[in-house]
Structure formats: structure tokens, C-alpha cells
Amino acid sequence: MRFTRKQRYGPYEDTSRKRAALARKQRLERERLPLLAEMIAEQQPDADTVMAERAVKWTIWEQETRDRRAANWRRARAQLFAYGDNIRRTLTRLWNSAPYPATPEYLLDMLHQFDRGNLDPDNPPWVYRGPGLKTVDFTDIVNRARARQGLPPLDAPATHGTNGD
Numbered sequence: 002m003r004f005t006r007k008q009r010y011g012p013y014e015d016t017s018r019k020r021a022a023l024a025r026k027q028r029l030e031r032e033r034l035p036l037l038a039e040m041i042a043e044q045q046p047d048a049d050t051v052m053a054e055r056a057v058k059w060t061i062w063e064q065e066t067r068d069r070r071a072a073n074w075r076r077a078r079a080q081l082f083a084y085g086d087n088i089r090r091t092l093t094r095l096w097n098s099a100p101y102p103a104t105p106e107y108l109l110d111m112l113h114q115f116d117r118g119n120l121d122p123d124n125p126p127w128v129y130r131g132p133g134l135k136t137v138d139f140t141d142i143v144n145r146a147r148a149r150q151g152l153p154p155l156d157a158p159a160t161h162g163t164n165g166d
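Just so we're aligned: 29 in my numbering is position 28 of the sequence shown, and the numbers increase by one with no gaps anywhere.
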């Protein structure tokens, strides 16, 4: 079954750009209310405290995101295996050929669309089985462009298509 591994970014990095952005944010908060600037400055934490809090929150956020993603994969696979063998094989084949990102949310959405009757397994929306491109006659457009350049018009039609017309 098709899936994309979640990229891991590592621990939170305290950079000079993040510190400059924090200083700019705090300065703008003080400038927004100039009469209360001193009181606001007293309540604003220093950069080291903010960066330490962000590092802790980053670790928690990353673990929660990974847990949520794993739970979604388990839910999607359980839902897929709840179908009969024939339907499960068909849906797995559809998922492996789908243009969607290989994430559990997209698999769950595809299964939801199938359950609602919006996804026809024999004719998925990403497979075009139409008649192909129609022949388009560009003769008028080409002749106008040639006339602007002082060239004679074309005798044969200027067409573009796949069926050789």
C-alpha cells in the first residue's frame, strides 16, 4: 500500500532570526499601545524563557502529530479491511494508482467517497476514458497573424489534434 513517510525535523533550533522575530513582535506589541508600553514590557517574558517554552512545545507537538498520523493510518487500514476481499483489492488498486498524496487523510477521504457512492471503482475521476482531444482548426488565427506580418495565407488548414483530421 502506498504511503509517504512523515519527515522528521529534529529538535527545536534557537536561531538569531527567531530571536529577532520575537524582539520585533514584542516591540510591536508595546508600540500598539504606547500609553501602556511600560506595563506591557513588564509582562513580556525574556527571549530565553520563550525559546525554552517553544522547545518543550515543539517536542510535544511533534509527538502528538506523529501519534495522530499513526492513528489515522490504523483507522484507514481497519476501514479498508472491513470491506470484502474483492472490494478491498479494488480499493487498494485504486489507492495505488491515485494521484493524491499518500497520506492517511487522503486514503480516509477516498474510502469516505466510496462509501457515499461518489467514487466509481470502475471509472475513477483521475482516469480519463473520453474520446481524446478534438481537432481544432487554427487556420483563421494563423492567417490573421500571417496577414499582420505581410505573409500570404495558408492553403491547407492548420489543425492540431490526435486523430489525424
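Each hint should be verified, as a subset may be incorrect.
[What the hints assert, rightly or not] Simulated crosslink set (DMTMM-like; lysine to aspartate or glutamate; CA at most 20 angstroms straight-line):
#, residue 1, residue 2
1, Lys7, Glu32
2, Lys58, Asp68
3, Lys19, Glu54
None of these hints come from the bench; they were simulated from the model.
Okay, the hints, checked on the actual structure:
no. : hint             : result
1   : Lys7 with Glu32  : 41 angstroms, violated
2   : Lys58 with Asp68 : 15 angstroms, holds
3   : Lys19 with Glu54 : 13 angstroms, holds
The structure shown violates just one earlier hint, number 1.
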